[in-house]
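Trainee: Sequence:
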Amino acid sequence: MKNQELARIFGEIAEYLEMEGVRFKPYAYQKAALTLAALQEDVGEVYRRSGLKGLRAIPGVGESIASKIEEYLTSGKIAYYEEFKRKLPIDLDAIIRVEGMGPKKAKVLYEKLGVTTLEELEEAARSHKIAPLFGFGDKTEENILEAIEFLKRSTGRFLLGEILPIAQGVLAKLEALPEVTTVSTAGSLRRMKETIGDVDFLAISAEPAKVMDFFVSLPGVVKVWGKGGTKASVRLQQGLDMDLRVIPAQSYGAALQYFTGSKEHNIALRKIALDQGLKLSEYGLFKGSEAVAATSEEEVYHALGLPYIPPELREDRGEIAAARAGRLPALIGYQDIRGDLHVHSDWDGGANSLAEIAAAGQRLGYEYIGIADHTKFLKIERGLDEEALLARNLEIDRLNRSFEKAGLSFRLLKGCEANIMADGAIDIVDEVLAQLDFVIAGIHSHFKMNREQMTARLVTAMQNPHVDIISHPTGRIIKRRDEYAIDLETILTVARDTGTVLEINSYPERLDLNDLNIRRAKEMGIRMVISTDAHQIDQLNLMIYGLGQARRGWAEKADIINAWSVTDLLQSLKKPAAGQL
DNA sequence: GCCGTTTTCGGCCCGACTGTTTTCAGTCG
Numbered sequence: 001m002k003n004q005e006l007a008r009i010f011g012e013i014a015e016y017l018e019m020e021g022v023r024f025k026p027y028a029y030q031k032a033a034l035t036l037a038a039l040q041e042d043v044g045e046v047y048r049r050s051g052l053k054g055l056r057a058i059p060g061v062g063e064s065i066a067s068k069i070e071e072y073l074t075s076g077k078i079a080y081y082e083e084f085k086r087k088l089p090i091d092l093d094a095i096i097r098v099e100g101m102g103p104k105k106a107k108v109l110y111e112k113l114g115v116t117t118l119e120e121l122e123e124a125a126r127s128h129k130i131a132p133l134f135g136f137g138d139k140t141e142e143n144i145l146e147a148i149e150f151l152k153r154s155t156g157r158f159l160l161g162e163i164l165p166i167a168q169g170v171l172a173k174l175e176a177l178p179e180v181t182t183v184s185t186a187g188s189l190r191r192m193k194e195t196i197g198d199v200d201f202l203a204i205s206a207e208p209a210k211v212m213d214f215f216v217s218l219p220g221v222v223k224v225w226g227k228g229g230t231k232a233s234v235r236l237q238q239g240l241d242m243d244l245r246v247i248p249a250q251s252y253g254a255a256l257q258y259f260t261g262s263k264e265h266n267i268a269l270r271k272i273a274l275d276q277g278l279k280l281s282e283y284g285l286f287k288g289s290e291a292v293a294a295t296s297e298e299e300v301y302h303a304l305g306l307p308y309i310p311p312e313l314r315e316d317r318g319e320i321a322a323a324r325a326g327r328l329p330a331l332i333g334y335q336d337i338r339g340d341l342h343v344h345s346d347w348d349g350g351a352n353s354l355a356e357i358a359a360a361g362q363r364l365g366y367e368y369i370g371i372a373d374h375t376k377f378l379k380i381e382r383g384l385d386e387e388a389l390l391a392r393n394l395e396i397d398r399l400n401r402s403f404e405k406a407g408l409s410f411r412l413l414k415g416c417e418a419n420i421m422a423d424g425a426i427d428i429v430d431e432v433l434a435q436l437d438f439v440i441a442g443i444h445s446h447f448k449m450n451r452e453q454m455t456a457r458l459v460t461a462m463q464n465p466h467v468d469i470i471s472h473p474t475g476r477i478i479k480r481r482d483e484y485a486i487d488l489e490t491i492l493t494v495a496r497d498t499g500t501v502l503e504i505n506s507y508p509e510r511l512d513l514n515d516l517n518i519r520r521a522k523e524m525g526i527r528m529v530i531s532t533d534a535h536q537i538d539q540l541n542l543m544i545y546g547l548g549q550a551r552r553g554w555a556e557k558a559d560i561i562n563a564w565s566v567t568d569l570l571q572s573l574k575k576p577a578a579g580q581l
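Numbering (the numbering used here), first residue to last: 1 to 581.
Careful: at least some of the hints might be erroneous.
[Unchecked claim] Subject to a maximum C-alpha distance of 30 Å in a straight line, what follows is the list of computed DSS-like cross-link-like pairs (lysine-lysine):
{"no.": "1", "residue 1": "104", "residue 2": "279"}
{"no.": "2", "residue 1": "53", "residue 2": "112"}
{"no.": "3", "residue 1": "379", "residue 2": "77"}
{"no.": "4", "residue 1": "139", "residue 2": "31"}
{"no.": "5", "residue 1": "210", "residue 2": "25"}
{"no.": "6", "residue 1": "210", "residue 2": "104"}
{"no.": "7", "residue 1": "139", "residue 2": "173"}
{"no.": "8", "residue 1": "210", "residue 2": "31"}
{"no.": "9", "residue 1": "263", "residue 2": "574"}
{"no.": "10", "residue 1": "107", "residue 2": "139"}
{"no.": "11", "residue 1": "112", "residue 2": "2"}
{"no.": "12", "residue 1": "279", "residue 2": "53"}
{"no.": "13", "residue 1": "557", "residue 2": "574"}
Since the hints were derived computationally from the structure, they do not count as laboratory data.
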């Protein structure tokens, strides 16, 4: 699938055009890049099916970009892009990551000083060659060096799962201040993106100065970047930056909308405003100088003729068109989960007993928890063999009887997370699989197989009538390991045809399926399960991260089997074919 | 270069900040 490669190339072309000072074209290429990056279908498939005409039907793709896509698909290169790279052989990607450096400055530094890499940029600044240039100065040179230092130290974006607990702690402290009327997070955190750059807070307060003082002296603050009357910016010892803005109550909604983003969503909204003779900014929606809407987000959306759009959808991935057409999904809610189907007990490498897990599940208000212990191939996790699985089942039966006797509407379900071997076989015999309420199967070995083999391996597993769920289907570990080489279209098609459920794994490093894949699966009518993969009961709380991704993937209750009652859930799983038992 | 429930030509997102300039370009979010 070439979508991401093409998106990257068009994004770079946009930067090159920006360098040349070309007007408007960069915007067009940028838009095409964003559309391609978010496109569900393989662009090559679109081309094979409907040719240039099909490509041009993609929003933001016209005659010129369509022919460039064609050129790339047929020859592997785009001459227009190669020409730019030849003329301006700059590592743009690296250089514009330096705060304050953009394409224009990069071009000047290349032409005057021959700077093409981050190292050369640093060298030029250190030897004071930049300050004397026209349009630059001492301060710019200093800032470049500081920004490069920051880049070297920073680890890039943080996992949502690392940041949300920290942000919730700060939020609670701000909420507790008597001077604070209202406070909320904004930005990518509020949209539940899988990784977060920095954290934004917005607050209403009659005494902003006191709130600022409190914010910059929070425990864990190691540096105050800036502190003014209504805005402060700090760094925490974890290396994370946080911003706080105090907003007047009358424009809080417009500010919350604005600072929640995404940028692309906001741009699209402002266009709608313009079409209606209105102007949208962080201060409100204006007709001339009169504010039409500003105090709440709902008001802003309604004044634009749209229903409220939940933050998780605000990525300019079609949510505005859906809102206009009255076809926004009724997203699964954070309270809709009725159980967790992927929990490891101390029968395998997990930390807690079945009774402890059941008690934790009841505290969460769950109706069921599925015990999905590892199976025998996974020695390192003390995976269970057939005999151990059956013994564990007896204990689950015993516990369930005691819950029933106590009048509790809670039960443990008997499952396992079996291993999909290199040939697609499952490491537990069918007779035992058939005695479980559900079977999850996942890949835990041989990660480096080629695309055909890996796809065939998963297809074989899904065709097994005992396999109900595939865990962490793509295998990616954020910032550490890429997806397995798989043909996801084939996987999705077979999942649909065999009625196999795909997991949305809530581990912050996994979030697998991710938001875009969840959306593709949903559109194909594939059912999913949001699971924590908890190895200790504290991790049952990871559910929120999977839920966030499910919402970002437009999932509704009907798409997520553990938002259903235990009866509906069990009925929806595959039945072993007759004669297989 | 793309696009059109006003448009096939004339538009294309907004405001603030910074550092450099004597009125503004570049960058950022």
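Trainee: Confirm or reject each hint.
Mentor: Evaluated hints:
no., hint, result
1, 104 x 279, "holds (29 Å)"
2, 53 x 112, "violated (44 Å)"
3, 379 x 77, "violated (47 Å)"
4, 139 x 31, "violated (33 Å)"
5, 210 x 25, "violated (47 Å)"
6, 210 x 104, "violated (41 Å)"
7, 139 x 173, "violated (37 Å)"
8, 210 x 31, "violated (42 Å)"
9, 263 x 574, "violated (43 Å)"
10, 107 x 139, "holds (19 Å)"
11, 112 x 2, "violated (36 Å)"
12, 279 x 53, "violated (35 Å)"
13, 557 x 574, "holds (20 Å)"
Of the numbered hints given earlier, the model fails hints 2, 3, 4, 5, 6, 7, 8, 9, 11, 12; all others are met.
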